[in-house]
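Engineer: Construct the entire structure; sequences and hints are all you get.
One line per chain: the protein sequences are A and B, in this order. Per our numbering, the first sequence starts with residue 358, numbered consecutively. Per our numbering, the second sequence starts with residue 3, numbered consecutively.
If you're looking for bench data, these hints aren't it; they were derived computationally from the structure. Mixed in with the good hints there might be a few duds.
Stated by the list, open to error - Partial list, derived from the structure: chain A residues whose beta carbon lies under 8 angstroms from chain B:
# : residue
1 : Thr531
2 : Asn534
3 : Val642
As the list claims (entries may be wrong) - Derived Cβ-Cβ restraints for the label pairs, each shown as a range:
# : chain 1 : residue 1 : chain 2 : residue 2 : range
4 : A       : Tyr446    : B       : Lys192    : 39 to 47 angstroms
5 : A       : Pro544    : B       : Arg27     : 52 to 60 angstroms
6 : B       : Glu64     : A       : Pro544    : 16 to 24 angstroms
7 : A       : Thr518    : B       : Ser121    : 56 to 64 angstroms
Note that CB positions come from ideal geometry on N, CA and C, so glycine has one too.
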Amino acid sequence: MLELIVFSLLNGLVYGLLLFMLSSGLTLIFSMMGVLNFAHASLYMLGAYLAYTISLKIGFWPGLIIAPLLVGVVGALIERYGLRNVHRYGHVAELIFTFGVAFLIEESVQLVWGRQNVDYREPEILSFPLFTLWGTDFPAYKAFMLAISVAIFIALLLVLTRSRVGLIIQAAITHPNQVAMLGHNVPLVFTGVFGVGSALAGLAGVIAGPALGTFPGMAAVLGSIVFVVIVVGGLGSLAGAFVASLLIGMLQTFAVAVDYSLEDLFAAVGITTSKTSALIDLYTVTVAQIGPILPYLLLVLILIFRPTGLLGKREV
Amino acid sequence: MLEVRDLHAYYGKSHILHGVSFDVRDGEIVSLLGRNGVGRSTTCKAIMGDVTPSGSVRFKGEEIVGLRPHQIAHRGLGYVPENRDIFPTLTVRQNLLMGQKQARREGRWKMDDMFEMFSNLRERADTPGGVLSGGEQQMLTMCRTLMGDPDLVMIDEPTEGLAPKLVEQVAELLATIARRGVSILLVEQKLTIALKISQRVFVMGHGQVVFEGTPDALRANEQIRREWLEV
Chain A
358 MLELIVFSLL NGLVYGLLLF MLSSGLTLIF SMMGVLNFAH ASLYMLGAYL AYTISLKIGF
418 WPGLIIAPLL VGVVGALIER YGLRNVHRYG HVAELIFTFG VAFLIEESVQ LVWGRQNVDY
478 REPEILSFPL FTLWGTDFPA YKAFMLAISV AIFIALLLVL TRSRVGLIIQ AAITHPNQVA
538 MLGHNVPLVF TGVFGVGSAL AGLAGVIAGP ALGTFPGMAA VLGSIVFVVI VVGGLGSLAG
598 AFVASLLIGM LQTFAVAVDY SLEDLFAAVG ITTSKTSALI DLYTVTVAQI GPILPYLLLV
658 LILIFRPTGL LGKREV
Chain B
3 MLEVRDLHAY YGKSHILHGV SFDVRDGEIV SLLGRNGVGR STTCKAIMGD VTPSGSVRFK
63 GEEIVGLRPH QIAHRGLGYV PENRDIFPTL TVRQNLLMGQ KQARREGRWK MDDMFEMFSN
123 LRERADTPGG VLSGGEQQML TMCRTLMGDP DLVMIDEPTE GLAPKLVEQV AELLATIARR
183 GVSILLVEQK LTIALKISQR VFVMGHGQVV FEGTPDALRA NEQIRREWLE V
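Structural biologist: Okay, here's the thing in structure tokens:
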């Protein structure tokens, strides 16, 4: 039991912080521009595939740096030459635009790299068990993912709260016109935030690729979870995105590890279920099996009981 | 310093400014007066590039219509909005830093000058701007724009809703600004301080300038006051 808790906590932390790397960019972009960027998860995917190719040519470590930078440039270009022109037609047009871009990226990735999984692996130097507890290994690569995510989280926090550009970003979220009239180039700040947010999505892809797999469906798998995260956390709230990332990271990893069903619960309280009951299929479903839908259940509950999200102020 | 000629501006399809013309000379305090809704604020926003106008605005001899707001600010124009648009989550000090156009570039005004003039702001330097009183927010908005070292500052209704004592403080600040060689375009609805400190006044009505002259001339012109200013 202790083993299960320790490893689920560690895995939940790894997964939760990975989610935050995606949701932080998405929520910053949303609070500045008021647009949900559907292409965000596609950029995550693009990051993984680019890093895969770079890792084949010159190794994993250069890919760790170059792939996110490339994705950041792609993101900045999408904002500067796409979104900014679409902006004047309103949020619906922007939403549809990012939807189109998402498809474009995902289909392009499949054209270039094919429809099969690619064999993107962690570097040799990180493929060993960092420690073994109760006979279970904790891979060094997961510790590395954790370290990168924590570093990014601290860097983001420092930039946003301590640096001048962070203050400009904070001010521009609520009063863009006023910030511009004080002499700051707000459109450039928007492009920068979009670029950095995209680069973070790319970086998340780079480090998640070897652990969670690099395959054509990876954007869809993580993308929907990231949307759940930012809605549960509260649209536009960075702190909320952080809390919700960890919450959903933990929820999913714990659920996967729990093999109990309703039948076991009934047995524990002394009720025996008949094997011929019409509901036997329901009774024998384990928590692990419903794990993947738990985030969506949480999403629905949050929208019913707290539509602004955990820490958000804005109505969804 | 500032020369506005035949300025037109629209919000969507409604025509707000119908050819506004006026000017502010070097070191001068000029007031732009008029009732609510005659286009005074729109005039400021059009000059700052926040609203896209047609017509001509020359600042220090250069045409600035078509430039973007931050470019106009960098040429030395400052605007203090009427609604006290402070950044609520940033501290007083951070709000003031936002006024600087570049880090570590100081001009006529230093942060200590602001704190000296308004000790309230010094005391609350590290509190979020959002919790200041209305009067403090007004001071902060003005100080923030001054931190950008403008050569001409447009100040929109700085005394609106302030207690008489604070109105005096505002008048003092305006005098200090002028003493340091900064031109002022004061946008007001009430005549109280405008007539006292201005060298010239312009009265707006229906998106146009309907009177131009000295404060004395306006005092003497009862017809203009009754038709365009008094409520």
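Engineer: Using the Cβ atoms, figure out if Pro544 of chain A sits within 52 to 60 angstroms of Arg27 of chain B.
Structural biologist: violated, 33 angstroms
Engineer: Given the hint of 56 to 64 angstroms, is the C-beta distance from Thr518 of chain A to Ser121 of chain B inside that range or not?
Structural biologist: violated, 27 angstroms
Engineer: Answer holds if the nearest beta-carbon of chain B is closer than 8 angstroms to that of Thr531 of chain A; otherwise answer violated.
Structural biologist: holds, 7 angstroms
Engineer: Return the status of the interface hint for Val642 of chain A: holds when the least beta-carbon distance to chain B is below 8 angstroms, violated otherwise.
Structural biologist: Status violated, d = 46 angstroms.
Engineer: Should the hint that Asn534 of chain A touches chain B count as held when the rule is a Cβ pair under 8 angstroms?
Structural biologist: holds, 5 angstroms
Engineer: Note whether the CB distance of Tyr446 of chain A and Lys192 of chain B lies within 39 to 47 angstroms or breaks it.
Structural biologist: holds, 42 angstroms
Engineer: A range of 16 to 24 angstroms was offered for this pair. Does it hold for the Cβ distance of Glu64 of chain B and Pro544 of chain A?
Structural biologist: holds, 22 angstroms
Of the hints listed earlier, those the structure fails to meet are numbers 3, 5 and 7, in rising order.
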